[in-house]
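There are 2 protein chains.
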Amino acid sequence: MARTARMSDVARLAGVSTMTVSRVLNRSAGVTAKLQQKVFAAVEQLHYQPNDLARSLREQRSHEIGIMVPYLFDPFFAICAHSISAVAKQHSYSVVLSTSDEDPKTEYEEVSRMLRRNVEGLIVIPSHAQAGDSLLLAPQFDRMPIVTLDRPVEGSGFDCLLVENEQGSKLGTEHLISMGHKRIAYIGLSDELYTMCMRHRGYENAMLGAGLRPAASICTSALEDALVKVRRLMSLKQRPTALFCANNLTTRHVLHGLQELGIYPPETIALVGFDDFETADLLRPGITVVRQPSELLGRTAANMLFKRMSESRKPTAGKRIVLPVELVVRGSCGALRRKPS
Amino acid sequence: MARTARMSDVARLAGVSTMTVSRVLNRSAGVTAKLQQKVFAAVEQLHYQPNDLARSLREQRSHEIGIMVPYLFDPFFAICAHSISAVAKQHSYSVVLSTSDEDPKTEYEEVSRMLRRNVEGLIVIPSHAQAGDSLLLAPQFDRMPIVTLDRPVEGSGFDCLLVENEQGSKLGTEHLISMGHKRIAYIGLSDELYTMCMRHRGYENAMLGAGLRPAASICTSALEDALVKVRRLMSLKQRPTALFCANNLTTRHVLHGLQELGIYPPETIALVGFDDFETADLLRPGITVVRQPSELLGRTAANMLFKRMSESRKPTAGKRIVLPVELVVRGSCGALRRKPS
DNA sequence: CTGTTAGCGCCTTCAG
DNA sequence: CTGAAGGCGCTAACAG
Chain A
-4 MARTARMSDV ARLAGVSTMT VSRVLNRSAG VTAKLQQKVF AAVEQLHYQP
46 NDLARSLREQ RSHEIGIMVP YLFDPFFAIC AHSISAVAKQ HSYSVVLSTS
96 DEDPKTEYEE VSRMLRRNVE GLIVIPSHAQ AGDSLLLAPQ FDRMPIVTLD
146 RPVEGSGFDC LLVENEQGSK LGTEHLISMG HKRIAYIGLS DELYTMCMRH
196 RGYENAMLGA GLRPAASICT SALEDALVKV RRLMSLKQRP TALFCANNLT
246 TRHVLHGLQE LGIYPPETIA LVGFDDFETA DLLRPGITVV RQPSELLGRT
296 AANMLFKRMS ESRKPTAGKR IVLPVELVVR GSCGALRRKP S
Chain B
-4 MARTARMSDV ARLAGVSTMT VSRVLNRSAG VTAKLQQKVF AAVEQLHYQP
46 NDLARSLREQ RSHEIGIMVP YLFDPFFAIC AHSISAVAKQ HSYSVVLSTS
96 DEDPKTEYEE VSRMLRRNVE GLIVIPSHAQ AGDSLLLAPQ FDRMPIVTLD
146 RPVEGSGFDC LLVENEQGSK LGTEHLISMG HKRIAYIGLS DELYTMCMRH
196 RGYENAMLGA GLRPAASICT SALEDALVKV RRLMSLKQRP TALFCANNLT
246 TRHVLHGLQE LGIYPPETIA LVGFDDFETA DLLRPGITVV RQPSELLGRT
296 AANMLFKRMS ESRKPTAGKR IVLPVELVVR GSCGALRRKP S
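Here the protein sequences line up with chains A and B, keeping their order. In terms of the working numbering, the first sequence opens at residue -4 and continues consecutively. In terms of the working numbering, the second sequence opens at residue -4 and continues consecutively.
Read the hints as simulated data drawn from the structure, not as lab findings. Please note that the accuracy of each hint is not assured.
Each pair may be met inside one copy or between any two copies, as identical chains are not told apart.
In silico BS3-like links for lysine-lysine, alpha-carbon gap of 30 angstroms or less [claimed, not checked]: (1) Lys100 - Lys33; (2) Lys224 - Lys177; (3) Lys232 - Lys177; (4) Lys302 - Lys100.
On a predicted model such as this, the values are computed, not experimentally measured, just so you know.
Let's have the full structure, built from the sequences with the hints guiding it.
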C-alpha cells in the first residue's frame, strides 16, 4: 500500500495481462464477461485510477486546452473563462488556466508552459502588444490551434473573436448626441489596448460625423487617476454635458469620481458606458451601457477552438468573427427622464 | 518538419547524446561550454521545447495543482481563483481549473479527472453535501494534499480554510439591533450550504441573545424567487424594519426586489449584507456589508497547499484555519443618516 | 479472444 | 565529463 496502484497491479491481481485490463477500461470490444468481471473487481479492490499522463504520452493527445486571461477578477474575463470551461467539460477536456496580468512576458512564459504540457489548443485574451510585436508570433506557436478572444494578435494566423467595438462605441456616443449633447467627453484606458483604440475611434467618428469636437481623457487603471481626470473635467469652464466611458472599470471609477463631487448622472452630466456589469441596473439611476455578450463570447471561442482542433491541420489564414453589441438604455443617459405614465 | 522536435533530434543535430542535451537543459553541472553551445544552437534551430508530459511521467511530478470552484462568474470565487493562480505562478506550477456548478457529481468527476492527471495538490470549494456524504470522501482522495476553501468537507482529513461566518453574521445583525431595530428578517439561500447554515445561525443567536424573534426567508438562487419573498415580506402587517442578506447574490436580488417597490434602504427598511461586492459603495446609499477577505483567502489556501505538498506526507488530521471578517458601515443600515458636519 | 513486444519522450543509474 | 541502458505507465500493432 506504499503507492498508488498501476495497471500491472490490477493485471496481476486479476490474473490477466495489462492489455486485457487496458481493453476492459477502454471498453474495447472483445473481452469475455468473466474476465471483465475479474478486472473490475481488481480495479475496485485496488482503487485503481488510470494514469492519464502516461496515456497522454502514449496517445499523443493530452485532452487539455489552455486558457490565458489578463485577470480573473474582471467580471468580463471571468465570465468568458467560465463559459469556455463549460464547453471544455462537455468535450471531456481539462482546462489549464493562467493569468497574464496584462504583461506580455508573463503571457509568453505561461503560454509556453502550456505548450510544453502539450495542450491541444489555446484560447488567449492577448495582452497589450504593438502591432507585429506580440511574443505569440514566435514560431513554436505556429502549429498550435489558437483562438484569440476580445483582441487580435496582428500579423498572426490565429482565429479571432471580437465584438463590434468601434460600432458599439459609435452607437453609444450617437445616442448621447441624439439627446442634444454637444460636449461629450470620452474616458478610457490607454489606446495601446486594441479594444480601447477601437472604442476611442468609434467615439471620434460619431463626434466628427455630427460636427462636434472630440475630447478624450486617457486614464491608467488606477482609481486615483480617474478621480483626478474627472475632477479636472468637471471644473472646466466649458465642462462636458455628457461622458462616454470605454469599459466597465472606467465606468465604475468615473462614477466614484462623480460621487465624490455629489454628481449622479444624468443630473448635471449624462453618462454611457461600454460593457455591462452586475449592478448597473441597481444604481440610481441605472447606467446606460453598450453590452457585450460575454457568455456567448466564451462559448463561441471554445467552439471555434474545438472545431479547429478537429480539423486536418490546414491553418491557412485565421478566421475573424465579430459579435454584435447592444445598447441597453437605463437612466444615466437621461433618456428616461420623462417617464411615460 | 512534419512534427515537433524531440530531444533526440536536438542530440543528433548537436552531435551528442540525449543525456547531454538533458543535462544542458536542466542546468546540471558538468558539461563543457563547447557542447553547451552546440546544444543551445540545435535547440534554437529546431525550436525545441521539452515535453513536460514525458518529464512528469518520468519524474513522477506533474508540477500542476487543481482548482475546483462552483462558478467563475461569482466574483467571490473568481477572486479566490485569481489569487490561487498567482501563487501557483510564483511556484512555477500550472493550474488546472474546473467548475462544479454546485453539483456534487460533476465535482467528483472533475476532481477525479484531475487526480488521474496526477495533479500534486488540490484546492476545492466543495459543493453542497450532507455531513459525511461528500463524494470527496472516496478513498482515492486520501493520499492527495487537499485544501478546502470557504466550506469544509465534514469527516475528511483535508486542510480547511474558512471565514468567521457565524461571528460575522452575528456582528452584522447586532449592528442592526444596536440601531434600535426589533423586527429584522434574514434572507439567504438553502441552509444545506455550509456558509448559509453558519450565517443563519449567527443571525439567530444575535436575535435570541437580544430577546428578539428570528424570521428567516430561504430563497433559491433564482432572482424571481427572491423577488417573491421580498414582496411578501414587505406586505406583512408587521413588516420587518431591517433585513440581513446572507451573501452577495442574495443582497443584489433583494435590492432588485426593493427597487421594484420603490424602496431604497435605509428608507423604509435598513439592510446589511454578508460579502462585499464591487459597486456596494456606488449604490445610493452604499450597502453596509460584512466583508470577507477574498483575495487573502485564495492566497492563504494556496500557501497552505504548497506547504502541505512540501511535507513528508503525514496527513494526520487536517488543519482548520478561520479568517476574520469585518463590518463595513455604509449607508444602507441607517447608521450614517445623521452626518456629523 | 488474449498476450507479447515495442515505444511515446524524458531522466536516473551506472559505465566508461 | 559523457554515453548506454532501462523504465516511468500506458496502448498500438502484431502474434498466437
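These are the hints, each one checked on the structure:
1. For a Cα distance limit of 30 angstroms, the shortest separation of Lys100 from Lys33 across copies, 27 angstroms, qualifies, whereas the shortest one inside one copy, 53 angstroms, does not.
2. When the C-alpha separation of Lys224 and Lys177 is checked against a cutoff of 30 angstroms, the pair qualifies only within one copy, where the shortest distance is 20 angstroms, while the shortest distance between copies is 45 angstroms.
3. In this homomeric assembly, Lys232 and Lys177 come within 30 angstroms of each other (Cα to Cα) only inside a single copy, at 15 angstroms, whereas the closest approach across copies is 51 angstroms.
4. Proximity of Lys302 and Lys100 under a CA criterion of 30 angstroms is satisfied in both settings, with 29 angstroms inside one chain copy and 28 angstroms between copies.
The structure agrees with every numbered hint stated previously.
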